[in-house]
Amino acid sequence: MTFSDLFKRNSRRTLLIEVNPYQILAAGFSRPEEGTVILDCAAEFDTDDDLGLRQWLDENFDKQKAWLPVICGVVAPEGILQRESILPRRLTDTQYLSNLVREQFKVEHPESWKLFSLNPVEGNPLPPEGTQRPALIVGLSYTDVHRSQQRLLDHRLLPYRLEMGILPLLGVISSVKTRRNDKRAIVVVNIEQDHTVAYIIGKEGVHTPAAVRHGFSSIVHAARKEFGLAHSTAVRDRLQQNDEELLLRGSRFVRAIGRDLKPLVDSYEMTTGQPVGEIYCAYLPPALSWISEPLAQVVGRAPFSLECKEWMPTVGLQVADGVPTFGQHWIGALSLLTDFPAAKPESMPSEDAVYQGPWHIDCRLSAQLPNNKLVRRRFLSTALIAALAASALMVTCWLLYVSHVLEADTVFWNQRIGESQNLFNDLNQTTRTLATRTAKLDNAYDLMGGPYRVSDLIINLGRTRPANMRIDSIEANEAGVAMRGGLREPSEQASRSLRKYVDDLRRDPAIGPIFATVALTSLQREDEADSLAFEITFKLKKAEQ
Amino acid sequence: MNATLQNFLTFARRAPFLIFCIVALITFSIADYYLWQREREINVQHEEVRRNGEKMFSALSSHGRISTELQSVNDALKQIDDNLIAETDLAENIGYFYQMETLSRVHLTQLNQLSSQPVEDTAYKAIPFSMRATGTYPQLISFLRELESGPRQSRIMTFNFTRADAKSNALTLGLTVELLGSP
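Quick note, the sequences are listed as chains A and B, same order.
Residues in the first sequence are numbered consecutively from 1, following this note's numbering.
Residues in the second sequence are numbered consecutively from 1, following this note's numbering.
None of these hints come from the bench; they were simulated from the model.
Glycine included, each C-beta is placed from N, C-alpha and C at the ideal position.
Check the hints yourself; a few may be wrong.
Among chain A residues calculated to face chain B with C-beta under 10 Å, some are [claimed, not checked]:
no.: 1; residue: T94
no.: 2; residue: Q104
no.: 3; residue: P370
no.: 4; residue: I385
no.: 5; residue: N414
no.: 6; residue: P466
no.: 7; residue: A467
no.: 8; residue: N468
no.: 9; residue: D472
Calculated from the model, a selection of chain A residues having no Cβ within reach of chain B, i.e. all distances over 12 Å [unchecked claim]:
no.: 10; residue: E44
no.: 11; residue: H231
no.: 12; residue: T382
no.: 13; residue: N428
no.: 14; residue: D456
no.: 15; residue: A476
no.: 16; residue: R484
Taking lysine-lysine and the DSS-like style, the derived pairs with C-alpha atoms no more than 30 Å apart in a straight line are [stated by the list, open to error]:
no.: 17; chain 1: A; residue 1: K541; chain 2: A; residue 2: K440
no.: 18; chain 1: A; residue 1: K500; chain 2: A; residue 2: K440
no.: 19; chain 1: A; residue 1: K440; chain 2: B; residue 2: K78
no.: 20; chain 1: A; residue 1: K183; chain 2: A; residue 2: K225
no.: 21; chain 1: B; residue 1: K78; chain 2: A; residue 2: K500
no.: 22; chain 1: A; residue 1: K262; chain 2: A; residue 2: K183
no.: 23; chain 1: A; residue 1: K262; chain 2: A; residue 2: K106
no.: 24; chain 1: A; residue 1: K203; chain 2: A; residue 2: K225
no.: 25; chain 1: B; residue 1: K55; chain 2: A; residue 2: K440
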């Protein structure tokens, strides 16, 4: 893989698978560039060999991480592919086709069917306009579609297209005849188990005669008689032994089918006037491919032959080295990858569109499929989980870093504390000693500390004494101080002087702050006419409390 | 094998990177929870150590001041302890006051040592004295100065400062004094 391959959406490998009445054909392919398909592996399985298919998928698509995209063709026994005359302008009525199918093909619940109308010549949808004209009515029941889808999903295969396999096969046969410039019609026969369906491709498109009542079981029945074998399994095994005896008796085995088929072909020739040249038996595996020639002989036509090796390059199909050559029975499967010439649409059909080009009708039930955005959803969820995981990783790194820093800082602090521990112990001892000594000093202060110095108080009282004042005594106890004396002044003046003196004492910075109150508590006239005896009381703050 | 396990293994095989991311997310989430718890423990431990360290270094920064304070306190206590009196040493105690009487020239007319209050578990005790001194105003003030600033710690509990005679300068000072002594 190169770098540029990463940007090529179509380079992604896809599976091609066809489930026909005889086999499951599977091939892996990629589209490296527009219009080119490279098939790089292929395998064939029995219709019920799911285990083999799973193993082959595991071996060849192991690198696929998600759902494996698949383009699938199915041959449903109960599917409808009938040419019918319709009124195209009524196609706008959604019930028109349903009613038509109910009436013409006795389908009880047409609402449970996927129904389409195609141009029988070009294989594209009929425009809803115009008068009555022939159309191919294509129908597939939801039950068949669901069964086919579920089978694919069981193998983790996500259908990108689920087509009715016979349609692109008819398109391929038609385009090959056109390229060969063969004007004759061709009969495409699908031999089912109990009946045979024939499609006649002529110049007026695909005709769908009535089904032949004999199928592969009639061949088995005839072979049992011819070879005298008792068990049908033994007969089937004998039919796959492609020897000379089988080829010699082949026409007898297919006589029942050919006998009923020939009138249908003849009728077509007579009705349309167009000769039928060849007959092609679709889906027959290589071991049963001998049926084509005797059947063509019985019907009186030539067997149709198409070499895949020559045809594939004409439709852009390439086979990678190492892949065996594809046999003619692969035409049906490979037709699913074939783009048929048609007028280019204005816009390319979306992946979910029903019509994917001429002869390609997508019958998927999209609602029942896993979301086709699954890859994107898984990418987003993976991206989200990856982002969360990255965030968790960043948080882990951050927590580791923070823990480391804290541990380093803790070690640093412990180291510094250890270095200073002796000094700190010394300090603690000093502090304890200081506390003890301070308590002792406090004890001494409690015992000897006084609110004032007596000598200072007496000096200050003397300093503030007015000239006419006489102090007889100063007496102090724990509650305070009482000062008694006399003032030689007229009584009125004396009372003013004493009031002023008391105020001065209160304001005096050496006396006032010591006491809570300084008050004149006694004032009496003395024996002398102009003298008053007084008493001033100083209450200590502690005593006041 | 269990079908659910089988489905899981199939899914894991198809989306190995997604499974790796989920496993990484779960692993890192568990690791984050464990580391977060551990980080909280380390943080608590770190806070405690840092707080202790800061407290230690803050205390160490005041080591010099505390040492100086202790020295000052020791000096003060030494001076106090050197001048304590003993209650039983009456002669020495009374003699202290007579020294002051001499220095201040007052006359102590009365001097008695009183009984002290019993004390428990204390470094010091107060030993009371009562005295009466007479003298002039300067002499008594000088006596008080000597008493208050003398080497022994004292406290004047009560005093009575009276004029002895209105016509003379003689004053009388009655005092109750406590001296600091050893218990």
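If I take the minimum Cβ distance from H231 of chain A to any residue of chain B, is it greater than 12 Å? Its Cβ never comes within 12 Å of chain B, the nearest being 38 Å, so this holds.
Can the restraint linking K78 of chain B and K500 of chain A be considered satisfied, given a maximum Cα separation of 30 Å? The given pair, whose Cα atoms are some 47 Å apart, is violated under the 30 Å limit.
Checking hints one by one. Is N468 of chain A an interface residue toward chain B, by the C-beta closer than 10 Å rule? violated (16 Å)
Given hint P466 of chain A near chain B, where the shortest CB pair must fall under 10 Å: violated (17 Å)
Hinted pair, alpha-carbon criterion (30 Å max): K440 of chain A, K78 of chain B. Please report holds or violated. holds (11 Å)
Next item in the hint list is I385 of chain A. Is there a CB on chain B closer than 10 Å to its CB? This interface hint holds because 4 Å falls under the 10 Å limit.
Hint validity - A467 of chain A Cβ closer than 10 Å to any chain B Cβ: Violated, about 17 Å.
Does the CB of P370 of chain A sit less than 10 Å away from some CB of chain B? violated (13 Å)
Hint status (Cβ of Q104 of chain A to nearest Cβ of chain B, threshold 10 Å): violated (46 Å)
Between K183 of chain A and K225 of chain A, does the CA-CA distance stay at or below 30 Å? violated (40 Å)
Within a Cα-Cα threshold of 30 Å, do K541 of chain A and K440 of chain A meet the stated pairing? Answer holds: K541 of chain A to K440 of chain A is near 25 Å, not above 30 Å.
Mind checking the alpha carbons of K55 of chain B and K440 of chain A for me, to see if they're no more than 30 Å apart? holds (27 Å)
Checked against the numbered hints given earlier, the structure breaks hints 1, 2, 3, 6, 7, 8, 12, 13, 14, 15, 16, 18, 20, 21 and 24 and satisfies all the rest.
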